[in-house]
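Novice: As you go down the protein sequences, you meet chains A and B in turn.
Note that the numbering used here has the first sequence beginning at 1, numbered continuously upward.
Note that the numbering used here has the second sequence beginning at 1, numbered continuously upward.
What you were told as hints is all true, and nothing was included just to trick you.
Using C-beta positions, here's what the derived DEER-type ranges look like:
| # | chain 1 | residue 1 | chain 2 | residue 2 | range |
| --- | --- | --- | --- | --- | --- |
| 1 | B | N84 | A | T77 | 40 to 46 Å |
| 2 | A | A78 | B | G95 | 30 to 36 Å |
| 3 | B | V110 | A | S39 | 21 to 27 Å |
Everything labelled a hint here was simulated from the structure, so no lab data went into it.
Don't be surprised by glycine CBs; every beta carbon is placed ideally from N, CA and C.
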Amino acid sequence: SQQGEEDPQALSIQEGENATMNCSYKTSINNLQWYRQNSGRGLVHLILIRSNEREKHSGRLRVTLDTSKKSSSLLITASRAADTASYFCAFRSNAGNMLTFGGGTRLMVKP
Amino acid sequence: DVKVTQSSRYLVKRTGEKVFLECVQDMDHENMFWYRQDPGLGLRLIYFSYDVKMKEKGDIPEGYSVSREKKERFSLILESASTNQTSMYLCAIRGVDEAFFGQGTRLTVV
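In isolation and in its complexed conformation, chain B is listed as follows (with noise of 0.2 Å):
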């Protein structure tokens, strides 16, 4: 079985602050990824890696950046917190095809 693990399921955090949101997954895939979900917008990607050292913008990626120094932990990072980034953030992996995602975390910005 795939395991795509996000080090948490809810964080919450204080507006300013830096916030990492961890993944890990044990398949070995190259291709890594950032989602963000909120209500009535569906999945917008954050950032994506298909390799080590490797990252690349999705649609939204301003106020995030991201970290792949090694190829099973691809990193979200939130340099300075705010309000507006209270949402769902899901991490996933993908092969060929198919996409595996972690649980999700739920981070609330105060």
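Looking at chain A on its own, in the form it has when it is part of the complex (with noise of 0.2 Å):
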């Protein structure tokens, strides 16, 4: 399966600063999905946009989606220590029932 790329790689901001992430994928999309992973840990889920909306928000969270260019981002605003972690996209095909993840970006925030 054809893997979704992420840029930046690495980001590193001050605490306060706004932190974005960007995602690109190949295929037609039913939703897309971005999890966060502290180190060493597992992934947890933080928000889902399906193909049919544009943008989404929740609490510091917000999820802009174009599938005309088949990109989306994470804003994560007001950044916190404690938001220091590995961010990843992951999308939904139409084809597929699979979810494909993208290759992340670690995101460190300093106090």
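Take the two lone chains, each set in its own frame, and fit them into one complex as the hints suggest.
Specialist: The structure is reproduced here in structure tokens:
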């Protein structure tokens, strides 16, 4: 299965700044999801956006989806040191039932 | 709360050993997955199962097998562990959309 691509691979910001991560994919999707992974742990689901949605909010998280460009972005506003983690996009294609994961972005938020 | 439990957080095994990684869920989900995660390579799907006694190969099944005798338990088997199987192994279940992951098993083969 073809993986999504995320950029940047790593991001380092100061506490209070916003963090933006991008995800691109190559197929037609049913939905796109974002997950967070603390170091050495499993992934935790953050937010899901469907193919007919353009933007979604959850607390300090904002996700956008542009199906014409086959891309999505995750914005974390007013970041905190506790946001330090890796963030993965995952998408479910229309052709199948599988979730395909991107390579992840490692975010470090410095206090 | 959904619970996906992997039997070990850390495991060290010798080359050639047979290794069992166990995953148990408490949500009665049909879909269960095994991934391995390596730096720079993201998550790669090893095997998955949609039902008891049913299994399907993922992207990198070589060197692995699986067992699903009961709905709640999905086991990953390394028939003869090799050093290139040193990795983080993640079990996941999935409902309609969202996936739930176990805490991961970091396996080192020496």
